[in-house]
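Novice: Using the hints provided, position chain B relative to the given structure of chain A.
Line by line, the protein sequences give chains A and B. The numbering of the first sequence is the numbering used here, which starts it at 2 and goes up by one. The numbering of the second sequence is the numbering used here, which starts it at 2 and goes up by one.
Note that these hints are calculated values from the structure, not bench results. Incorrect hints may appear among the rest.
If chains are identical, the list can't say which one is meant, so a pair holds when it fits in one copy or spans any two.
Think about it this way: if two alpha-carbon atoms lie no more than 30 Å apart in a straight line, the pair counts; the simulated BS3-like pairs of lysine-lysine are [unchecked claim]:
| no. | residue 1 | residue 2 |
| --- | --- | --- |
| 1 | Lys73 | Lys281 |
| 2 | Lys38 | Lys309 |
| 3 | Lys4 | Lys192 |
| 4 | Lys309 | Lys161 |
| 5 | Lys332 | Lys189 |
| 6 | Lys38 | Lys192 |
Small disclaimer: the values here were computed from a predicted structure and weren't measured.
Protein chains: 2
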Amino acid sequence: MIKRRKSRVINIGTVPVGGKNPITVQSMTKTDTRDIKATVRQITELQEYGCEIIRCAVPDMEAAEALAGIKKGISIPLIADIHFDYRLALAALDAGIDGLRLNPGNISEPDRVAAVVKKAKERSVPIRIGVNAGSLPKEEKLTGLSIPERMVAAAMGHIKLLEDLDFDLIKVSLKAFDVPTTIDAYEKIVKKIDYPLHVGITESGTTRQGMIRSAVGIGILLNNGIGDTIRVSLTANPIEEVYAGFEILKSLNIREHGPTLISCPTCGRTEANIVEIADKVERFLARVDKPIRVAVMGCAVNGPGEAKDADIGIAGGKGKFILFKKGEKVKTIAEADVINELMREIKDL
Amino acid sequence: MIKRRKSRVINIGTVPVGGKNPITVQSMTKTDTRDIKATVRQITELQEYGCEIIRCAVPDMEAAEALAGIKKGISIPLIADIHFDYRLALAALDAGIDGLRLNPGNISEPDRVAAVVKKAKERSVPIRIGVNAGSLPKEEKLTGLSIPERMVAAAMGHIKLLEDLDFDLIKVSLKAFDVPTTIDAYEKIVKKIDYPLHVGITESGTTRQGMIRSAVGIGILLNNGIGDTIRVSLTANPIEEVYAGFEILKSLNIREHGPTLISCPTCGRTEANIVEIADKVERFLARVDKPIRVAVMGCAVNGPGEAKDADIGIAGGKGKFILFKKGEKVKTIAEADVINELMREIKDL
Numbered sequence: 002m003i004k005r006r007k008s009r010v011i012n013i014g015t016v017p018v019g020g021k022n023p024i025t026v027q028s029m030t031k032t033d034t035r036d037i038k039a040t041v042r043q044i045t046e047l048q049e050y051g052c053e054i055i056r057c058a059v060p061d062m063e064a065a066e067a068l069a070g071i072k073k074g075i076s077i078p079l080i081a082d083i084h085f086d087y088r089l090a091l092a093a094l095d096a097g098i099d100g101l102r103l104n105p106g107n108i109s110e111p112d113r114v115a116a117v118v119k120k121a122k123e124r125s126v127p128i129r130i131g132v133n134a135g136s137l138p139k140e141e142k143l144t145g146l147s148i149p150e151r152m153v154a155a156a157m158g159h160i161k162l163l164e165d166l167d168f169d170l171i172k173v174s175l176k177a178f179d180v181p182t183t184i185d186a187y188e189k190i191v192k193k194i195d196y197p198l199h200v201g202i203t204e205s206g207t208t209r210q211g212m213i214r215s216a217v218g219i220g221i222l223l224n225n226g227i228g229d230t231i232r233v234s235l236t237a238n239p240i241e242e243v244y245a246g247f248e249i250l251k252s253l254n255i256r257e258h259g260p261t262l263i264s265c266p267t268c269g270r271t272e273a274n275i276v277e278i279a280d281k282v283e284r285f286l287a288r289v290d291k292p293i294r295v296a297v298m299g300c301a302v303n304g305p306g307e308a309k310d311a312d313i314g315i316a317g318g319k320g321k322f323i324l325f326k327k328g329e330k331v332k333t334i335a336e337a338d339v340i341n342e343l344m345r346e347i348k349d350l
Numbered sequence: 002m003i004k005r006r007k008s009r010v011i012n013i014g015t016v017p018v019g020g021k022n023p024i025t026v027q028s029m030t031k032t033d034t035r036d037i038k039a040t041v042r043q044i045t046e047l048q049e050y051g052c053e054i055i056r057c058a059v060p061d062m063e064a065a066e067a068l069a070g071i072k073k074g075i076s077i078p079l080i081a082d083i084h085f086d087y088r089l090a091l092a093a094l095d096a097g098i099d100g101l102r103l104n105p106g107n108i109s110e111p112d113r114v115a116a117v118v119k120k121a122k123e124r125s126v127p128i129r130i131g132v133n134a135g136s137l138p139k140e141e142k143l144t145g146l147s148i149p150e151r152m153v154a155a156a157m158g159h160i161k162l163l164e165d166l167d168f169d170l171i172k173v174s175l176k177a178f179d180v181p182t183t184i185d186a187y188e189k190i191v192k193k194i195d196y197p198l199h200v201g202i203t204e205s206g207t208t209r210q211g212m213i214r215s216a217v218g219i220g221i222l223l224n225n226g227i228g229d230t231i232r233v234s235l236t237a238n239p240i241e242e243v244y245a246g247f248e249i250l251k252s253l254n255i256r257e258h259g260p261t262l263i264s265c266p267t268c269g270r271t272e273a274n275i276v277e278i279a280d281k282v283e284r285f286l287a288r289v290d291k292p293i294r295v296a297v298m299g300c301a302v303n304g305p306g307e308a309k310d311a312d313i314g315i316a317g318g319k320g321k322f323i324l325f326k327k328g329e330k331v332k333t334i335a336e337a338d339v340i341n342e343l344m345r346e347i348k349d350l
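Same shape as in the complex, but just chain A (with noise of 0.2 Å):
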């Protein structure tokens, strides 16, 4: 059992991050931000695959006055993406949002942190610290030391200036591409603070490179009860971005979200063609959405066996399958109609 890390609770809208509340998947819009009716169509797009806080960049003050109408078209609570200008995060506040991401340190006047402090703490709304280890402050103070170390201080720097002003509602990023030194300034900024923690890889590549990075960093991370709430950044569709951070959480026992499928990597035993079996099975569970597990095996002698955590399964030998619940044989199905078959016995369920 993985022994979670004591953190505070923030409230970003309805959603609780922190504490012993679930660990909650997010993802961030691709689409222009001013473009209002495209960002809605993502983010419903996302929320139908499990979405559950959505995050969107705020480059001028045409995009911080469209997340007004973003948030009338969708149903899950959104945070403003906000660098250097305190007066897109005032115009993103009056807009309704749930959650900033924005860097103090990096707002020139204090003044001006004060003025977006103030008003985030009038509406509740949590302002999250993120820093990447690609943009530091170049300061003096920080040279000497490691670059975890160099992201910490950054962090507990912007943190000192929001508790200056009583303001609490904090939750603390600290990403990099590298995923050693990644988990290496998470497990520093543990011993420091209680807030919650967004975790990630950045920059982690495409679809394949991205998913197995952000699952190697968040992967380990978690384990060691370290993070709050998670993205998957990938240079894809976002889609794929939800998809990696539910399989992550799932594949440590973390959260149930929809079927999973056991499949054998199929071997010089195997005589049926289990790959193509195995993804038209993936493409029908897209559509399911119980915590069922399915399995595919190769094999009709172990199959049953090894995959008897699955509440139904096909093992297959040559031009025949057996159908198995909780690993007993229930019938012979020829293979021809064994997705028909096993589609049928899902849908029972």
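Specialist: Then chain B, alone, in the frame of chain A:
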């Protein structure tokens, strides 16, 4: 820095496994082992992708005898995967294989086990004991134990059979579909033995789910210093297994292997089609051998800084890109030329 567990060294043909030797990436053929030509073709392709050890299933005597022909056609060590039948193991050893995967406890007669072990010892061929959570012995002495405890007990039983015959060229694996079960089993056995460990997650599914589950499970173990050779099991082309294996090792800076793509997830600030460009660059990099780092960033202002670890990169705005090296701007390129220019620069590196 990861503190790697101390393990003995065994040699799978020319490839040392354990100790301070590189953590190797292996795969398994999915062709019919009796089809020498198809199997050699698949292994040759896997070698090109970097596969370092290959395993073939040996379901019958014809397959065992085919191993000699397969061995002749390939240049990486060959492991025979055998269940129950000691005659197949003897024939595989006669065929000149470099390693056996065989659980001696599943061979019923002690003199049969002795015959296999004698021949393996004469030829210095190591044996991997591969315990799978789905096919544990149903012995009464194991009742009351947790699944990881039963996996470890089963492995220790197999190990004792080999040690009693004065055989110590042993490698061990303890695989389950359930990631926490797998991790727990390995964490338990490292307290008992110093044999090298083969690490993987079994029946982990099709490409995406399987890569994620494997990356989480193998990544956590490697980060804890456990694992001397790895296999990612996917219901997919085995090339994907080799790719994923190296990406897991690369993500933890354990191995270098070919290029790495640093690419931003894009957001509402992005003004160029970064997903398409990153995909094109990734396809080009698939044919590059060197461990270079290439970045594709959607933001001309922060991109070069955020990707300063990259040997070379592009960061795009509207219609034009900046080419940068190690975070420093080199020149500006029109969007239409960006792929060709980047490819030319990569070739020059």
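Novice: Compare the structure with each hint and give your call.
Specialist: Right, here's what the structure says about each hint:
Within a single copy, Lys73 and Lys281 get their C-alpha atoms no closer than 37 Å, and across copies no closer than 37 Å, so neither meets the 30 Å cut-off. Taking CA atoms no more than 30 Å apart as the test, Lys38 paired with Lys309 passes in neither setting, with 47 Å inside one copy and 35 Å between copies. Both within a single protomer and between protomers do Lys4 and Lys192 lie at most 30 Å apart by alpha-carbon distance, with minima of 15 Å and 21 Å respectively. For the identical chains of this complex, Lys309 and Lys161 are inter-copy neighbours only, at 28 Å across copies versus 53 Å inside a copy, given an alpha-carbon limit of 30 Å.
Within a single copy, Lys332 and Lys189 get their C-alpha atoms no closer than 55 Å, and across copies no closer than 38 Å, so neither meets the 30 Å cut-off. Taking the closest pair of Cα atoms, Lys38 and Lys192 never come within 30 Å of each other, the shortest separation being 43 Å inside a single copy and 58 Å across copies.
In summary, the numbered hints that this structure violates are 1, 2, 5, 6.
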